[in-house]
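Residue strings, one per chain:
2 protein chains.
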Amino acid sequence: MPTIASKEVRLKSRPIGLPKASDFDLATVQIAEPGPGEVQVKNLYMTVDPYMRGRMYDRPSYVPPFQIGEPLQGGAIGQVTASNDPKFVVGDLVNSMFGWREAYVAPASALQKVETHGLPPQAFLGVVGMPGMTAYVGLLKIAALKAGDVVFVSAAAGAVGAIVCQIAKIKGCTVIGSAGGAEKIAYLKEIGVDHAIDYKAVPNLTAALMEAAPTGIDVYFENVGGEHLEAAITAARPFARFALCGMISQYNETGEPKGPSNIIQAVGKRIRMEGFIVSDSADMQPAFVKDMADWIGSGQLKYRETIDDGVENAPGAFVKLFSGENIGKMLVKLS
Amino acid sequence: MPTIASKEVRLKSRPIGLPKASDFDLATVQIAEPGPGEVQVKNLYMTVDPYMRGRMYDRPSYVPPFQIGEPLQGGAIGQVTASNDPKFVVGDLVNSMFGWREAYVAPASALQKVETHGLPPQAFLGVVGMPGMTAYVGLLKIAALKAGDVVFVSAAAGAVGAIVCQIAKIKGCTVIGSAGGAEKIAYLKEIGVDHAIDYKAVPNLTAALMEAAPTGIDVYFENVGGEHLEAAITAARPFARFALCGMISQYNETGEPKGPSNIIQAVGKRIRMEGFIVSDSADMQPAFVKDMADWIGSGQLKYRETIDDGVENAPGAFVKLFSGENIGKMLVKLS
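Chains as they are written, first to last, in numbering that gives the first Met the number 0: chain A, 0 to 334; chain B, 0 to 334.
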C-alpha cells in the first residue's frame, strides 16, 4: 500500500465571466495509505459538467460552492489501489465525487462500486451516469413525456441532450434538436433526430422552430436559456411541459441576463415549466439503469464522448462546454 | 313580451396600449321578443375583467378575439323579462356571457339559472363567480397549497387576489400580499393578510418581499408579471409552486416586455411555474360553491366590490383595472 503522487486542480480565484486558465492552480500532493475504513483510488476518468460553473460562485445553492485553494470536486471513475475496508478490494472500479485529481484516499462510504455490465467504465460518467439519468428523469418524470409528443431539445448534441433526443424517439415522439455547427447537426441526424436546427446558422430561431414544428411543441427540454426559451414558449402548444435542466447560455453572464419577454404566453397556453435536479429522483435509478442497458444493448441508443487527456487539461476541457466544442459527453482521461 | 331598447358597447377599434374612450362605441338596439327556445333578459350587473384586454387583440388565443363593430362580451347577471322556453320563467336570475349590454335575447342553452343562496346576485360575477373560482383553482390545484406554506399574492386587493389571500389564511398559511396605495394596504390588513407590501411605496420590491418572508416563499400567485415575478423567483424556496393566473402589468405593453432576468434560478430551486385558465377545471365547481358558501356564511371570507353605474361607463370601469383604481371586484350596474 504505497503513497501515490497525485496532481490536482484547485480553484485559485472565482471566475468572472468565462473561466480563464489563471482561475485554476495545478498542485501535486502525496496520497497517503488508507487508514481504517478508507480506500485509496487512482482515477481513470473525470467528468466536466456545466453545473460546475455554478459551484464556482460564492452563493447558496443546492450544492455548496467550491472553496478557493481547495481541489475542485466532481464525478470520477477510478480503480482501487489499496483498501483498508472489507467492502473494497484492489482493482475494484469505483464512482466518486473526487474528480479533478489523479488519486485520492477516502472513506469507503463515499465510494460507489461500479458493475460495468460490459460497458466501458467512463460510460458511468455519461450515458449511464448523471447526464443520462438527468435526461431520463427530466423527460419521463418532469416533462411527463407521452407517445406522439413533439419534443424540442436544446444543446441536443450534448451529453444530456443527445440522450434526451434518443429516449424521446424510442418513446414514439417527433424530435427537434438544436445545436451549433455542421458537425453537430450531422450527429443529430445520425441519432435519429427528425429536425436538426443549427442555431448559429439560422437568422431567427423562433421561425426555424415553428417551421420544424408547424403545429407546435408539447415538450421542451431546456439546456440553454435565453433565445431558446423564448422560441420554445412561442412554439408551445396548449398544456406544453418544459423540463428546465439548465441554461448554459447564462452561466458566465456578468450583466443582467435577458429573461423570456413572452413568458405571459405561459398563462393562456397553460404551459408548465419546472426546474429539476437529478439527485432528487434517486428512486428512478434502478429503472434508469435497466432501460439504458436494454436500449444500449439493442442498439436503439448510441452515445458519443469527447475525451481530453491529463488532469492539467481539465480546466480547458471544462471551458469547451461553453464554447460548445464537445459532442456528447466531455471527459478527461486521467490514467 | 314587449320589445326592449338596449344600449350596448361595441368595439370600434383595436386599442394600442391602454384602451381609450374612442376605441368603443355606444349603440342602442331593439331587443326582440324571444322566438321558440329563446329567452329575453334584462341585465342587472356586468363584470369587467383584465382578461378581456387579450380579446381586444386580433390573435389566436384560448378565447376568440372580439370583433370590430360587434358588442363586447363578458359575464353578466340578469333577470328574465320574457321566456319562450319551458326552462325559464319571468323573474328568473340568469348568468350569461352577454355583458356590455342592457338587455338581450338568447337561446335558453346559453343561460345558466342562478340560485342565490341568500347572496346578492352580483356576487356570482365575483366571489362566487369566475374570479373566486380562479382563486380557488389556482391556489388549491395549480399551486397545490398546503398548510404552513408561505404564500405571496400580487394584485392582492383585486377580485381574484383578495380571495386568494383569504383562502390561504383559511388553509393555515402565512400570506404576503402586494398592492398599490394606502387604501388597498388597509384593506389587505382587514382581510387578514400577514404582511402587506405597497409596491408603489417600496424602493425595492424584492428586498421588501424578502424582508416579509425571510425564509422564502413556497407559493406565488401571479397576477401582475414583470418586477413581481422576478421578486417571487428570488424569494422562492426550493420546490416553490407558482400559479400563473395573469400578468396585468403587460396587457397594454406596446414594446417588448421585460422577462424575468433571474429565471435561471428556477432550475436550482426546482420551481414549478404553471399557467392556468379557470374553465379547464369546471369539475371543481361543486366543491368551490360549497366551500365558498361555508366560508362566506361563517364570516371567514369577506369580499368587496367597486361598482360603477350605467353601461355607457363600462369602458371607463374596464380601464380602471389597469390604473388599479378598484378594490375587490369591479362591476358595472346596468339596471
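Hints were generated in silico from the structure; no laboratory data involved. Think of the CB as a built atom: it goes at the ideal place given N, C-alpha and C, for glycine as much as any other residue. Careful: at least some of the hints might be erroneous.
[As the list claims (entries may be wrong)] Taking lysine to aspartate or glutamate pairs in the EDC-like style, the calculated list, with each CA pair at most 20 angstroms apart, reads:
hint, chain 1, residue 1, chain 2, residue 2
1, B, K268, A, D293
2, A, K257, B, E252
3, B, K268, A, E304
4, B, K332, B, D293
5, A, K268, B, E255
6, B, K268, A, E114
7, B, K268, A, D279
8, A, K257, B, D293
9, A, K257, B, D307
[Stated by the list, open to error] Derived list of chain A stretches under chain B, where covered just means 3 residues or more per stretch with a C-beta under 8 angstroms from a C-beta of chain B:
hint, segment
10, 67–75
11, 266–272
12, 308–316
Mind checking the alpha carbons of B:K268 and A:D293 for me, to see if they're no more than 20 angstroms apart? 33 angstroms, violated
For the pair we were handed, A:K257 and B:D307, check the Cα-Cα distance against 20 angstroms. 41 angstroms, violated
Given the hint that B:K268 pairs with A:D279, does the C-alpha gap stay at or below 20 angstroms? 11 angstroms, holds
Going straight from one Cα to the other, do B:K332 and B:D293 come out at no more than 20 angstroms? 27 angstroms, violated
Would the hint linking A:K257 and B:E252 be met if the CA-CA limit is 20 angstroms? 17 angstroms, holds
Three or more residues of the segment 308–316 of chain A near chain B by CB distance under 8 angstroms? violated (count 0)
Pair hint A:K257 and B:D293, alpha-carbon separation not exceeding 20 angstroms: Given pair A:K257, B:D293 is violated - Cα atoms ~46 angstroms apart, limit 20 angstroms.
Confirm or reject the coverage of the segment 67–75 of chain A by chain B under the rule of 3 or more residues with a beta carbon closer than 8 angstroms to the chain's beta carbons. violated (count 0)
Is the listed coverage of the segment 266–272 of chain A by chain B valid when you require three or more residues with a beta carbon under 8 angstroms from a beta carbon of that chain? This one holds; 7 residues, not fewer than the three required, reach chain B with a Cβ under 8 angstroms.
Are the Cα positions of B:K268 and A:E304 separated by 20 angstroms at most? 30 angstroms, violated
Please verify whether B:K268 and A:E114 have alpha carbons no more than 20 angstroms apart. 33 angstroms, violated
Would the pair A:K268 and B:E255 pass a check requiring their Cα atoms to be no farther apart than 20 angstroms? Between A:K268 and B:E255 the Cα gap is close to 19 angstroms, so the pair holds against 20 angstroms.
Against the hints set out earlier in the document, violations occur for numbers 1, 3, 4, 6, 8, 9, 10 and 12.
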